[in-house]
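Quick note, in full-length UniProt numbering, the sequence shown goes up one by one and the last residue is 299.
Since the hints were derived computationally from the structure, they do not count as laboratory data.
It is possible that part of the hints are untrue.
[What the hints assert, rightly or not] Here are the simulated DMTMM-like pairs of lysine to aspartate or glutamate, each with C-alpha atoms no more than 25 angstroms apart in a straight line:
{"#": "1", "residue 1": "K211", "residue 2": "D17"}
{"#": "2", "residue 1": "K211", "residue 2": "D77"}
{"#": "3", "residue 1": "K211", "residue 2": "E201"}
{"#": "4", "residue 1": "K211", "residue 2": "D79"}
{"#": "5", "residue 1": "K211", "residue 2": "E283"}
{"#": "6", "residue 1": "K211", "residue 2": "D260"}
{"#": "7", "residue 1": "K211", "residue 2": "D193"}
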Amino acid sequence: MPEQDLTAGLGAQTVVDLPAGPVRVYRRGAGPTIVFVHGMSVNAAAWRRVVPALADEFDCVTADWPFGAHQMPMSPDADLSAPGIADIIASTIERLGLSDVTLVGNDGGGLLTQVMVTRHPHRIGRVVLTNCDAYENFPPPEFDYLCRVARLPVSPRLASAALRPAFVGRLFGRWCRGFGGLHRHPVPDAVIDHHLRGLRESPEVFRDFVKFLRSVDAEHAITAARGFGDVHQPVLVAWAPGDRFFPEHHAHRLAADFPDARLEFIDDSNTWVAEDNPDRVIELIRGFVDGGRSPSVSR
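Let the sequences and hints guide you as you build the complete structure.
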């Protein structure tokens, strides 16, 4: 699978230049706008299996957010904490002139979405939260080792070079405490290679990733949760039960804490719902944006 094919379905590419640094954005389709927020160590290609179908009736905006798999480094002084990246997403939405957007978050991107809707709500019309960090679960205990490793005095240039052999990244892609625990169905090596390309090829991108990992603090998630009661936008919580990292009881808790929330379930999937069960994700997003909220909980 050639690397360019992974983003070909995401639409036209542009770069939004912000004070924090450049953000690569893809845009496809027309209609109500959906902005997708991927998780840590992946990029816009995480949505490649849902955007083409949704672009038939929606304006689909994906981006390589500076979350460890971007390929253009940010400014050395950029704030890459969770609130800082949420500010970058908000600035990108504003720079693109978007409003009444549906914000869709997955994995760590779900936490960024929570921070966004409580910190920058004015351009957000609806929210979709799939399996993600929430409350005190930031990061999940199984991934705390990454934050500890990031605090070691290791040169980003040396660390980046250590990832260059393809087999190293692919081992991480299969490890149960790496990418391997996040997906239920096999993910092609080309996808793993694409997500890790920035870390392998750019010490500055590795520096950005380390900066984020060193900033991780459960208080960012807890602070966002304190604001859920003030969120007036409809929220769809679309969750894969049985996720070892993001428990089902958090889905119920999120649905209860937002004033206007709906809970749906995604079968046959782990955290990466857009990778494991894209058809169900497409169905739920389309129905939510087109039809508004429903009081039912289905499984």
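Consistency of the hints with the structure:
no.: 1; hint: K211 <-> D17; verdict: holds, 20 angstroms
no.: 2; hint: K211 <-> D77; verdict: holds, 10 angstroms
no.: 3; hint: K211 <-> E201; verdict: holds, 17 angstroms
no.: 4; hint: K211 <-> D79; verdict: holds, 8 angstroms
no.: 5; hint: K211 <-> E283; verdict: violated, 36 angstroms
no.: 6; hint: K211 <-> D260; verdict: violated, 35 angstroms
no.: 7; hint: K211 <-> D193; verdict: holds, 22 angstroms
Hints 5, 6, counting from the list given before, are not met by this structure.
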